[in-house]
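Visitor: These protein sequence lines map, in sequence, to chains H and C.
Letter by letter, the first sequence follows residues 1 to 111 in my numbering.
Letter by letter, the second sequence follows residues 1001 to 1109 in my numbering.
In case anyone wonders, no lab produced these hints; they're calculated from the structure.
If you're wondering where the values come from, they're calculated on a predicted model, not measured in any experiment.
Mixed in with the good hints there might be a few duds.
[What the hints assert, rightly or not] Simulated restraints on C-beta separations:
| id | chain 1 | residue 1 | chain 2 | residue 2 | range |
| --- | --- | --- | --- | --- | --- |
| 1 | H | L83 | C | E1041 | 23 to 29 angstroms |
| 2 | C | K1059 | H | D71 | 26 to 32 angstroms |
| 3 | H | V95 | C | E1038 | 22 to 28 angstroms |
| 4 | H | Q41 | C | T1062 | 28 to 34 angstroms |
| 5 | C | G1053 | H | L83 | 43 to 49 angstroms |
Every residue gets a Cβ at the ideal spot worked out from N, C-alpha and C, and that includes glycine.
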Amino acid sequence: DSGVTQTPKHLITATGQRVTLRCSPRSGDLSVYWYQQSLDQGLQFLIQYYNGEERAKGNILERFSAQQFPDLHSELNLSSLELGDSALYFCASSVDKGRLHFGNGTRLTVT
Amino acid sequence: TQLLEQSPQFLSIQEGENLTVYCNSSSVFSSLQWYRQEPGEGPVLLVTVVTGGEVKKLKRLTFQFGDARKDSSLHITAAQPGDTGLYLCAGVNDYKLSFGAGTTVTVRA
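Isolated chain H, as found in the complex (with noise of 0.2 angstroms):
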């Protein structure tokens, strides 16, 4: 058990739809991360949130968007979903960087 918590486990949407991902960092860690991994893509570095500010962005859509809240849980939304966004999104805390531990992800379907 990594520690962090990421709800819901799976999600099934229809295209255009708007969903949120929630995150639970381990206790004590500051930064959290999230990725998209798809068979075709691997692992995708989305967007890094320190202590409630964001620090870091890498490929993630304009349709999608991030936040970490006070008490350091996060979520991401994904909005006007397409078939395309169907995936794993995994969330990943650390206490300092480099050193990430995973939750066992979302799995998005979209139809």
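Assemble the complex: chain H is given as a structure, and chain C must be docked to it using the hints.
Guide: Chain C only, in chain H's frame:
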């Protein structure tokens, strides 16, 4: 295009055999990490290598970081079915990890 190229993409071997997975890049990294991911779970960190030329051993797993800090290899000796999984390398610079696409290893009993 992946910043880190892993090879092979798939590897299927018999229990007891040895295997090597490669991770190559044209970029220099401050450190490199190896993760293993099992179905339905997130990646789990196996090791971090920091110094060029560094070799780290974790039981039957040997990790090497290239002298120029651009490439790495993972060697498993006498593989067991429990070694089955997706092996991912990740290059670290500043606050960002860049992952390779992974090598799916299957060890048959």
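Visitor: Take the hints in turn and mark each one as holding or not.
Guide: Hint-by-hint comparison with the structure:
In this structure the hint that H:L83 and C:E1041 lie 23 to 29 angstroms apart at CB holds, the actual value being about 25 angstroms. At roughly 38 angstroms, the beta carbons of C:K1059 and H:D71 sit outside the given window of 26 to 32 angstroms. At roughly 24 angstroms, the beta carbons of H:V95 and C:E1038 sit within the given window of 22 to 28 angstroms. Look at H:Q41 against C:T1062: about 29 angstroms separates their beta carbons, and that is inside 28 to 34 angstroms.
As the Cβ distance of C:G1053 to H:L83 is approximately 46 angstroms, the hint placing it in 43 to 49 angstroms holds.
Hint compliance for this structure: hint 2 is the single one not met.
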